[in-house]
Amino acid sequence: MNAHENPLRSDRVLTVRYRLQDANWDALLNRLTDLRYRAAILGYEGSGKTTLLEDMASHLALRGLRPTLILHNAQCPQVNWRALAQLGPRDVLLLDGADLLPLPQWWRLRWLGRRFGGMIVTSHTRAMLPVLLTCQTSPKLLSDLLGELLPGESPDHLADHMATLANDLFTRHNGNLRDALRELYDRYAGGQGDVISACRPRMPLSAAVSGCDRATSAGSAGA
Amino acid sequence: MDLRIELADHRDVFRPGETVRGTFSWSLSDRPAELEVRLFWYTQGKGTQDMTIVNTRHIDAPRMAGRETFAFELPQGPYTMHGKLISILWALELVAGGATDAARTPLILSLDGRPVVLGEPSSTNTRGPIP
Numbered sequence: 001m002n003a004h005e006n007p008l009r010s011d012r013v014l015t016v017r018y019r020l021q022d023a024n025w026d027a028l029l030n031r032l033t034d035l036r037y038r039a040a041i042l043g044y045e046g047s048g049k050t051t052l053l054e055d056m057a058s059h060l061a062l063r064g065l066r067p068t069l070i071l072h073n074a075q076c077p078q079v080n081w082r083a084l085a086q087l088g089p090r091d092v093l094l095l096d097g098a099d100l101l102p103l104p105q106w107w108r109l110r111w112l113g114r115r116f117g118g119m120i121v122t123s124h125t126r127a128m129l130p131v132l133l134t135c136q137t138s139p140k141l142l143s144d145l146l147g148e149l150l151p152g153e154s155p156d157h158l159a160d161h162m163a164t165l166a167n168d169l170f171t172r173h174n175g176n177l178r179d180a181l182r183e184l185y186d187r188y189a190g191g192q193g194d195v196i197s198a199c200r201p202r203m204p205l206s207a208a209v210s211g212c213d214r215a216t217s218a219g220s221a222g223a
Numbered sequence: 224m225d226l227r228i229e230l231a232d233h234r235d236v237f238r239p240g241e242t243v244r245g246t247f248s249w250s251l252s253d254r255p256a257e258l259e260v261r262l263f264w265y266t267q268g269k270g271t272q273d274m275t276i277v278n279t280r281h282i283d284a285p286r287m288a289g290r291e292t293f294a295f296e297l298p299q300g301p302y303t304m305h306g307k308l309i310s311i312l313w314a315l316e317l318v319a320g321g322a323t324d325a326a327r328t329p330l331i332l333s334l335d336g337r338p339v340v341l342g343e344p345s346s347t348n349t350r351g352p353i354p
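So the sequences go chain by chain: P and B. Taking the numbering used here, the leading residue of the first sequence gets 1, the next gets one more, and so forth. Taking the numbering used here, the leading residue of the second sequence gets 224, the next gets one more, and so forth.
Hints in this document: simulated from the structure, not taken from any laboratory. Quick caveat, the model's predicted, so the values are computed rather than measured. Each residue gets a CB set at the ideal place from its N, CA and C atoms; glycine is no exception. Check before you lean on any hint, since a few could be wrong.
Some chain B residues judged to face chain P by a derived CB distance under 7 Å, without partners named [said to hold, decoys possible]: (1) 276; (2) 308; (3) 328.
Taking CB as the label site, the calculated pair distances span [stated by the list, open to error]: (4) 275(B) to 61(P): 20 to 30 Å; (5) 280(B) to 99(P): 38 to 48 Å; (6) 320(B) to 160(P): 44 to 54 Å; (7) 179(P) to 342(B): 19 to 29 Å; (8) 77(P) to 257(B): 29 to 39 Å; (9) 289(B) to 108(P): 50 to 60 Å; (10) 275(B) to 130(P): 35 to 45 Å; (11) 314(B) to 81(P): 46 to 56 Å; (12) 108(P) to 288(B): 51 to 61 Å.
Calculated from the model, a selection of chain B residues having no Cβ within reach of chain P, i.e. all distances over 12 Å [to be verified]: (13) 225; (14) 229; (15) 233; (16) 241; (17) 244; (18) 250; (19) 254; (20) 283; (21) 289; (22) 294; (23) 304; (24) 335; (25) 342.
Generate the whole structure from the sequences, applying the supplied hints.
In structure tokens:
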């Protein structure tokens, strides 16, 4: 399967937004207000921190604030201090990857950030500010995402297979959903493009036959 | 809201250096602040998506409805390409106002009228030659 037909291609995956569990946006934003808009989002690799931060920017904008999102990672290792120096009381800095900043830079940012309207950062484990939320993943969450992304819209007769696939991927990638989805991208690219074949290592062939045909035709229709 | 791009002679396959011609039309409920037709290529696949706008035609303060022509010379590349990790695709897009509304028309940039398909013999391609 070519890249532009792959249901796990990045532009499709990026349409999936963060799903708050045991909370809603109003409650989260109220807690953020209580924390005076200075808070940390924690979570391991591939748990949705960046996605949540992006979604947070939209919600803050709706509240009349001016979010400034900075992705600090291997692709963007430099902090634009000149731009940060322009931020003021209505601006909320959203910094992804704060724990990757060298400590002197982090303290410089905190000092600079006293003038900001807020500062929300993501970090893997180190709580650099009061914790707003810890992003968590589960096989069920991955299964739900697959149901949204894969062709065939996760019909009932495939639900068990989807759960098996999600469990398998979740376990092997230690809960990193980004890596799990990338592996599935590779499976599709390699021609293992239906849910049943992706599950096959754990399934007897005879159990897969009837569902396999249906899954394949569903996949074709969605391609 | 109606935004449309129509390619001249319904031709959507081009060689490098050729000119893409056509018309774009719009019919909107409000008068848009601006309209823009963009010729661009973009990637789809695994990893970060890339996009480059090659040429534009901009209209300031257009009427609520109208019709205009465009003509863009295509560059030498990149060719339309399909691989397992990445595809390169070309398109024209008509964007109204704050870029929330758009119409898109795909096209192919190729030497022989067919997208380059990595890992497959050219005989498996189904598109015909350029007329």
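Now for the hints, and whether the structure bears them out:
no. : hint                         : in the structure
1   : 276                          : violated, 17 Å
2   : 308                          : holds, 6 Å
3   : 328                          : violated, 16 Å
4   : 275(B) to 61(P): 20 to 30 Å  : holds, 28 Å
5   : 280(B) to 99(P): 38 to 48 Å  : holds, 46 Å
6   : 320(B) to 160(P): 44 to 54 Å : holds, 47 Å
7   : 179(P) to 342(B): 19 to 29 Å : holds, 24 Å
8   : 77(P) to 257(B): 29 to 39 Å  : holds, 36 Å
9   : 289(B) to 108(P): 50 to 60 Å : holds, 53 Å
10  : 275(B) to 130(P): 35 to 45 Å : holds, 42 Å
11  : 314(B) to 81(P): 46 to 56 Å  : violated, 38 Å
12  : 108(P) to 288(B): 51 to 61 Å : holds, 54 Å
13  : 225                          : holds, 25 Å
14  : 229                          : holds, 23 Å
15  : 233                          : holds, 22 Å
16  : 241                          : holds, 23 Å
17  : 244                          : holds, 25 Å
18  : 250                          : holds, 28 Å
19  : 254                          : holds, 25 Å
20  : 283                          : holds, 26 Å
21  : 289                          : holds, 31 Å
22  : 294                          : holds, 27 Å
23  : 304                          : violated, 9 Å
24  : 335                          : holds, 18 Å
25  : 342                          : violated, 9 Å
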